[in-house]
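As given, the protein sequences belong to chains A and B, one line each in that order.
What the first sequence shows, in my numbering, is residues 507 to 820, in sequence order.
What the second sequence shows, in my numbering, is residues -13 to 305, in sequence order.
If you are wondering where the hints come from, they were derived from the structure by calculation, not from laboratory data.
None of the hints are false.
Below, a list of computed lysine-lysine pairs in the DSS-like style, where the Cα atoms sit at most 25 Å apart:
1. B:Lys198 to B:Lys110
2. B:Lys113 to B:Lys299
3. B:Lys198 to B:Lys113
4. B:Lys299 to A:Lys630
5. A:Lys630 to B:Lys16
6. B:Lys19 to A:Lys630
Which residues of chain B face chain A? A partial, calculated answer using Cβ under 10 Å:
7. Ser29
8. Ala104
9. Val125
10. Ile127
11. Ser173
12. Lys198
Covered stretches of chain A (in silico footprint by chain B; criterion: 3 or more residues with CB under 8 Å from a CB of chain B, positions within the stretch not fixed):
13. 646 to 657
14. 738 to 751
The structure displayed is predicted, hence computed values, not measured ones.
Positions of the beta carbon are idealized from the N, C-alpha and C atoms, including for glycine.
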Amino acid sequence: VTEELEPKSGRVRLAVAGARSGTRASLDRRPGGQIVRNHIFLALLLLAVSIALLGLALILIEAFIEGRGSLSFGLITNSNSSDASQAGFQQAIIGTLYLIAFVILMVVPLGVGAAIYLEEYANKERWWNRGIEVNIQNLAAVPSIVYGILGLAFIIRGPLSLGFMLFTGSMTLALLVLPTVIIASREAIRAVPPSIREGSLALGATEWQTIRGQVLPAAVPGIVTGVILAISRAIGEAAPLLLLGAATFVTFNPEPFNADTGWTALPVQIYQLAVRPQEDIREIAAAGIIVMLAVLLLMNSFAIWLRNRYEQRW
Amino acid sequence: MEARDIAASGATGLPSAPRLEAASPRYGEKAIKAFLAFCAVLSVLTTTAIVISLLGPAIGFFGVVAPGDFFLEKEWAPAQDLFGVLPLVVGTLNVVLWGMLFAIPVGLGAAIYLSEYARPGVRKTIKPILEVLAGIPTVAIGFFGLSFVTPLLQDIWPGSFLGGPPGFYNALAAGLCIGLMIVPIISSISEDAMSSVPGGLREGAYALGASKMRVALRVVFPAALSGIVASIVLAVSRAIGETMIVLLVAGNTPNLTLNPVENIQAMTAYIGVTATGDVATGTIEYDTVFAVGALLFAITLVMNLISIRLVRKYREVYE
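Construct the complete structure from the given sequences, taking the supplied hints into account.
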């Protein structure tokens, strides 16, 4: 081989000389310093991971330590009260349940519908479809308090003028989590292989029959996972609700479509208790956080289980 | 759809071929398609509604307050007709700055570890755990800041450094909490970008005798740079828009300073406090909410678009 290469040209000789000197340089160098540097680097990376995990653990532990003393069933069955020994989250929990129920009713058809359109019907070459896509990605990162302003100026007052009712809170939260549902549903639909669609179309099914009969059933686990994640975000969201009238001190159960009675939600009441100076009231806030986190962790675990259980390999 | 087109073009050569279109127009399917398209267009309507609801009152506001005063004056006290927004913007900046100083090294460190060092089993465990952090309600993180981070900072503060220990409300604790909140955004998106760098680049570098650290820092990191920058820009956008943490931890005093120990007010906190307070509708003070909201929306919009574009770039190169 060397005989063939050597006489050919100056370029080959240059390359060989370069490779030789490179190899020599890397073999001659004493690797001690480099090994140490590599170990320090890995140690720093591990430190970064541990800091992040430690932060997560501390948030959970701190809430548990602070709220442990106030954990009881009274937390769920008692009304909001300025007497810490009597205080509970009944109205806030019912308010959150109403909020979430309406969010699910709105977000599932709208989100899945948009995802089906964008994945199955839209021509991605067209500028307007790409525009819709960028628009959805941007909406997913718009600050939640801006959605609160939207709800206040567009739904409660302005064009829709529904007033400060719980349902307006649901509408606003639905718009807030809609991009999350759309993006997750699109990924689930995209993961269904084209051969499934082609098989169905070849057998004479129409486009919609194919989507309804083949694509959607295969995409359901992914869609449900996305919806659960979106709902858990909606449960913990307080900022937009502050602007939508959820900030009132309520001791009676909410009526979702009545603009004259006040309403509140779990994270909003937690916020209001957390800013109070009294130590025993702050304890109730911590106990509320434990309740909220327990619900969220349960939902997240269910989503992960669902993803692993029904994940299809084609 | 493609399969049907191919079938149709193949069939046209035959004289007696049956038409492959539907025997009757499918009005039902057209209605369904129209509904689906409406769902997609709803997102555009949402954006339009956001812009309208922000701009309407904001234009009214700028009819009364000169834009020059709004952007350049250094006092924010709407009750006394002082409308310089700088203290709120700098307040947000103060918090975001300390947040990013915490989150960028931690997030990127975690991303490099997960993408280059961790065994698949470890990665499969740690990544979802980090994502749980992103799902924790910010009220809970704010409470954590108030009851754990601030007292801790006060305990360990070195004497009169930067003018003494942080107060009950301070920008640093809020920054650290926000940093914790956005670590998973940085680590998750950066890790995706690094994992999609083709293995051939790594193997080439190893073959030339590069160490693992060199491969991570000099080969994978630059190759994934656009995704990494996108994750950081998106994280900054999230940090700017975060409300509950700054409301609980950073305080509510407009303050033109980057000093981390001081009590400040961020843009989002101003909106949250003012809109829940007893300000009458239609007053100029009420309109400030929309002016500040419009500024907030504009800032985050620019950052989101940059981030979306960068993510698209790395997807185009490697996927």
